[in-house]
Amino acid sequence: MLTLGSLAFASPWLLTALAVLPVIWLLLRVTPPAPRRLNFPAIRILHLLTPKEETPARTPWWLVLLRLLIAALVILGLSEPLLNPSARLAGDGPVVIALDDTWAAAPRWEDRRRVLLRLIEDAEQQSRQVVLLTTSEGVDEARRSSGVVRPTDARALVQAMEPRPWGPDMAATAAALDKLQLPSAGATAYLVDGLDHGAGQVQLIERLQRLGRLTAHLPAPPQVARALMPPDGLSSDLVVGARRPIAGAEAEVAVRAIAGDGRLIAREAARFAADGIKTEVKFVLPTELRNQVQRLEIENEPSAAAVVLLDERWRRRPVGLIGPTQFDASQPLLDELHYLDKALAPFAEVRRGPVAELLKRELAVILLPDAGALPPADKAQLAPWIEAGGVLMRFAGPKLANAEDDLVPVKLRKGDRALGGALSWNRPQPLAPFETASPFAGLAVPTDVTVQRQVLAQPGLELNERTWARLADGTPIVTGERRGLGWNVLVHTTAIPTWSNLPMSGLFVDMLRRVVALSQGVTGSVSTQPLPPIETLDGFGRITAPPPSAVALVGDARVGSRNPPGFYGTESARRALNLGPFVADAAALTQIPNGVTRASYAIGEETVLKPHLLTAALLLLLIDIVIGLVLRGLMPGRVAAARAAIALLALLPIAAEAQTRNPPSRANAVDAFALEGTLNVRLAYVITGDARTDETSRLGLEGLTHILQRRTAIEPDGPLGVDVEADELAFFALIYWPMTQSQAMPSPSAMQRLNTYLKNSGTIVFDTRDAGEIVVDPFAGGPGAQKLREIARGLSIPALVPAPPEHVLTKAFYLLNDFPGRFASGQLWVEATRAQGEDEVSSVILGSNDWAGAWASDAGGRALYAVVPGGEIQREMAFRFGVNLVMYALTGNYKADQVHVPAILERFGQ
Amino acid sequence: MQQRAEQLASILPPLMVSAQRVAATVAQGVHGRRRVGQGETFWQYRRYLPGDSVRSVDWRRSAKSDQVFVRETEWEAAQTVWLWRDTSASMRWRSRRDLPEKADRAEILLRALGLLLVGAGERIALLGESLPPTTGRTALLRLSHGLERPTAAPAGIPNFEPLPRHAELVLIGDLLAPLDEVQALVGKFVAKGVRGHLLQVLDPAEETLPFAGRVRFEGMEGEASALLPRVESLRTDYIDRMSEHREGLAHIARAAGWYFSCHHTDRSAESGLLALYGALARDRMN
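Protein chains in written order, with the numbering used here: chain Z, 1 to 910; chain W, 1 to 286.
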């Protein structure tokens, strides 16, 4: 075997024949081309001539080249070249293969599997056994190491392998390897997920190296798994961080925002800088859409770390406004709630109502406009809510200034301070820039925002640290106090512009936004109680049922086999656990110990090139023959030669296509039935299972179809048999259903479908075919009627009446008095009350005259069954009834409307 | 009549139709004998001279005057023309698809000539058919049958047949036979007092040898093949040889007082026929 890169030759000694090519070239150049043969009458004169020179005409160089190419192709083909040859594994003994099946292995899992299968195949070819090791954490011993198995068993194991949405436990794998106590393996391979997993990994590599020659398969740097960080929930836009474990070339990463129902809401792209490992993707979405986002994922990267699940914490926070439920709409600008409502509307869901009402539902923030001392009942409800994580934000005002209340973050002085009044020297104060410790840090302070009045805090030890915002002179304007898990915040001025123009500024909105962001989301969701897993991600980042290893989430647990990423909690209060933050510092594995062969995952299938080369040679040979014929003048012209070549080339793909054509599948059969049923109007009959009856139905409807084509504007295609159990009924306006004794009862699902069909204005013609039977018990009816009664028990058949003499069926096309079939004595029953929505077509038409029998004829057009009492008139009448029936089913009450025609005409006439 | 006409039409091959068309275009340009003699067309009235047959007196004309007039007709002495065309294999050849085969052209010329001659009242016969010359429709039918009948042993030149004196002979073919054979044949006919016309029908390719490269030429009548490594180098030699051959033919014809002409299949059939018919007519005028 001779290997040149990805090309190898199984019989390389044949390549020496290539040395003969120059000789062939010389021979071809020297040998004159075969002469054209030409008939010539005046040959006697030619015989008189003596040839002057014998230098033969030369074969054209391109023809020589073509022939050399053919020779070269044949030589190359016979030397059995192989593309991507499988390498021989070193040594002997079992082949040990370790595979990272962590989250980072999920992208390009198929490549890994292919490499794995190739290794197993190589082992099989050398009749060696295989040891498969996986490294992901939380897998029991038996599944971590396959033990020494035969390649076929190993292959089955590989097919069942899947990446897991968590990290590795290298030490356990190394231990499992030790436990096998292999003397020597000869060849080992380690399929690295691309990440550096620290000391355990080094240890594992050393073990493998000790066992035999180790080949480490590493993904190319751009293919190492990336991770997506959950958005921080502070900003109104969703800002998602993306990280890659290794810096490299500039790369684009696209992130998709997907709703809970799988809808794609937005797709944004960002770029990793050439040497950067971080980038941010920003989704600027209207709040409505933003709240629907449940999942963010890196496009085309199926891995658990590339998915971020969003729960309520990232949703718009519900904010309560304490006050009357209704606005005072007459003077909105004097209403504090109006300003708060407007300011909150862009980013929060606002509810209004008294405290008791508000706290019945979950709230993140409660805003309390200027109020005096709160009623004790409200206070009793608010205090625990704040402790549990709620944020109460109060606004000052005249009422608070004159009341004493302890539900404030700082002690207040009685009364208020006026700045810039008529009797005051000082001017209205602007706000000072926010301090860095303040929740408002970073917000720009507009210079035109001034405060004229405020309530003042009592100086105290804790005042300074509780102050979130100050006026330019240093007096606190916003103070906040941590209470339990929540916050109590006071704005020392009003929420209406009487004391300050702050409520009219954009800063007000931003400040409220910060306060809302400060909240825990839905209070009470952070608890120490265990949250059971609802849905978790699999290794590919798909939502699935939780694996058996998953247990309830307690506190801030790490992602692992016990807590796979996914949703925990209850359906109403879900908490998302994302893998991203736990793998944020993942780094790519770049250093591998000396002596380890580095390999990639990019391996192709081993391709045997021999047949391709020989085929090409054969084709070229054919072309050469055609050219030779043309040169000798044996082809009747160049055009013909071109045609022959084109025809030859055109045949090839046809032949290839003929080989690859697949048999039609079951889905195609369903489609075919749908197409057959819908491309043209068709009559349909129910296949009863009784061959004779079905054949009669088919022939009968064929006969009726023929009559319809000849006499009416309805031109149906041939009738279709319908299996009520399997086929879709909706395609047919009319279904003929003869009753047979042997007929099986339709299954409940078929009954349901039949009922749906009847409800959606389908029409079934039941034919009991027993009008000619001698009925012992007239009450019970004939055998067909009895069968029908059995079947109809499951069908929602409306009340039926004998067809009245003025029924549309008597005049839909022909004027009829009765409705004979093979028998004439049967009674025709139709729906008693006409449903308006269904064009007044009776959904059920029931008779016993065996119409199909009367319509049926053989191929020669001769009727198959005699009509009783007889006569061609009766058969004609049967056909006429059939025409009326189809007309009635297709046109509905159209004919019934015609009774009004005289009246309409009379009106026109005037 | 109708039936016979249809019958005739049905046995006329397409060749006959084109021959008729060719003949029709030529007939317009040929004039009568322009002298007194036996015939049916009125030529002139002449005073009765003693010795004239009473039957030749034109009584109607004579009654108009005191003189007796004799009605003279234009001389329409019928002549016998023997026709022959080359049916050998070498005639079934054409160099290009858009040209007719030499044999086809020869046959068209022969048929058209036959039509013209019969139309002029001459008696015609095919050489080698051993049928007496006839005229009228019979002659045309015989000509047709003769042409359709395959010749027993086709040869490049006809066999000598003792023809009556003063008969005319028309030979149409490629006349590529060796000159001495032609010379011998013509000599025999001349010795019998037969006047003749030679029409050489050639494909243009036979004139110019427009081939190139290595070509093996195969004879069409069993000649040995000739392998020419470079045809183009021999072209001028060939053309010289060919014209030499034609000169030889012309010389033979001139010496015998015969008419010789060469016709190429890329020219119209009318041109060849006109030349041939003109020569025939000239002959009879003398």
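The hints are simulated quantities; they were obtained by calculation from the structure and are not laboratory data. Heads up, some of the hints might be wrong.
[To be verified] Residues from chain Z shown here face chain W by an in silico Cβ test under 7 Å; the list is partial:
#, residue
1, PRO35
2, ARG37
3, LEU38
4, LEU48
Note that the coordinates shown come from a computational prediction; the quantities given were computed from them, not determined experimentally. Cβ atoms here follow ideal geometry from the backbone N, Cα and C, with glycine treated the same way.
Q | Violated hints, by number in ascending order, as checked against the structure | A | The structure breaks none of the hints.
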